[in-house]
Amino acid sequence: MALAKRIIPCLDVDNGRVVKGVKFENIRDAGDPVEIARRYDEQGADEITFLDITASVDNRDTTLHTVERMASQVFIPLTVGGGVRTVQDIRNLLNAGADKVSINTAAVFNPEFVGEAAQRFGSQCIVVAIDAKKVSAPGETPRWEIFTHGGRKPTGLDAVAWAKKMEDLGAGEILLTSMDQDGVKSGYDLGVTRAISEALGIPVIASGGVGNLQHLADGILEGKADAVLAASIFHFGEYTVPEAKAFMAARGIVVR
Amino acid sequence: MQTVAVIDYGMGNLHSVGKALEHVGAGRVLITSDEKTIREADRIVFPGVGAIRDCMAEIRRLGFDRLVREVSVDRPFLGICVGMQALMERSEENGGIDCIGLFPGQVRFFGKNLHEDGEHLKVPHMGWNEVRQAIDHPLWHAIPEAGRFYFVHSYYVEAGNPRQVVGRGHYGKDFAAALADGSRFATQFHPEKSHTHGLQLLQNFAAWDGRW
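Chain order of the listed sequences is A and B.
Numbering of the first sequence is given in the working numbering, commencing with residue 546 and proceeding in unit increments.
Numbering of the second sequence is given in the working numbering, commencing with residue 102 and proceeding in unit increments.
Since the hints were derived computationally from the structure, they do not count as laboratory data.
Values in this document were obtained by computation on a predicted structure and should not be read as measured data.
A virtual CB, placed ideally from N, CA and C, is assigned to each residue, including glycine.
There could be a bad hint or two in this list.
[What the hints assert, rightly or not] Some chain A residues close to chain B (C-beta under 8 Å, calculated; not the full set): (1) Arg551; (2) Phe620; (3) Ile621; (4) Asn640; (5) Phe666; (6) Gly667; (7) Gln669; (8) Gly715; (9) Gly717; (10) Ala744; (11) Gly746; (12) Ile747; (13) Pro748; (14) Asp771.
Can you make the complete structure from the sequences, with help from the hints?
Okay, here's the thing in structure tokens:
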């Protein structure tokens, strides 16, 4: 009897459409996020993460409308992130049906916002998304830094210390994307995942760079993550959620 | 058509629970803070998220502590998450808060140093965990023993009357995952977020006559 490790498909959404494209069985889906979320829900996904990647002011209403439709049809937890900057942004997303809201850049520029959000809405619905990149040279003691703007701008902030600070301010969960791995499909950066997961008392979701099912298992077994997030391996039909669960279960990981 | 009132006391998102009830055909779902509407409803759902101090402050301000006590006696009543915790006598969250006291027992913190089998357990207890069915309650109909439900909480219910614990959870320690007493049922997990088992429980609630 133990808490199951979670598998979380992630949808990158631009103006109401999933941008990376999704392929289920033989259907290539240009990407209605609600339809896609429903299929992951049917497959037994443990949560859905919805990242509004453009998050420009003019498509806010599209995002809220999409979240509302999704929350009416998908009865598993839904995390929404992208461009969350104010208490009102959070309120709007929660009212639309999001269970958790992910704060990214705004936390870097205004850490107190995380504290304010947790006070107002409760830690259980405040996720802080962290983009970390290794900055130490090979052979040095490993060190990771927080980056913004899609991994282009270093902040000088130590990733482990920053994650701890987010926990202290009231974050209920950390969504950790290891930037140097993202999209490369060589797996999560297990070093930073483990360093942060072991330093914190709140759950950590590993994200970035998943290319196969072994990477998911490694995120849990080596990275000590509480949940694993992936996009393209599920979208393009390389693997299904049940296949991922069977693979992890065979390696002794408790899954739902 | 029967009506299900979801009590709204201004604390968080009731959209999901409303939609889940509609999805299982529970009847006309009214998300409301209107006392008359609540009193006239056939069934009542009492949700809750966030910190207990803010929840109890709003519940008291609106007179819902008294209302909940009255309307939960004679019709099916379902408390969810902080809605369940608010039904206990007292919570140790926010330095100690008196709650409604429909069920004997306390709400306690999991603690920062929760360990099991050498593993440090993260708090909040967030994710899918098993619920052991202590008795054959109508709300467990068609739900497998030790089925997994979605939890997200840092505080847990320590029941004062073990016979009211109809669902047992375990996370570093045993806790009450579900309580029942007459027409009252309460869950620490979120049925509206617990996929097929959760929807089944809501469907069972919609069909329940309030007796067991």
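Against the structure, the hints:
1. Arg551: holds, 5 Å
2. Phe620: The hint holds - A/Phe620 has a Cβ within 8 Å of chain B, the shortest such distance being about 6 Å.
3. Ile621: holds, 5 Å
4. Asn640: holds, 6 Å
5. Phe666: holds, 6 Å
6. Gly667: holds, 4 Å
7. Gln669: Result: holds, 5 Å to nearest chain B Cβ.
8. Gly715: violated, 11 Å
9. Gly717: holds, 6 Å
10. Ala744: Where the cut-off is 8 Å and the nearest Cβ of chain B is about 11 Å from A/Ala744, the hint is violated.
11. Gly746: Hint holds; A/Gly746 Cβ to chain B Cβ min 6 Å, cut 8 Å.
12. Ile747: holds, 6 Å
13. Pro748: holds, 5 Å
14. Asp771: Hint holds; A/Asp771 Cβ to chain B Cβ min 6 Å, cut 8 Å.
Checked against the numbered hints listed earlier, the structure breaks hints 8 and 10; every other hint is satisfied.
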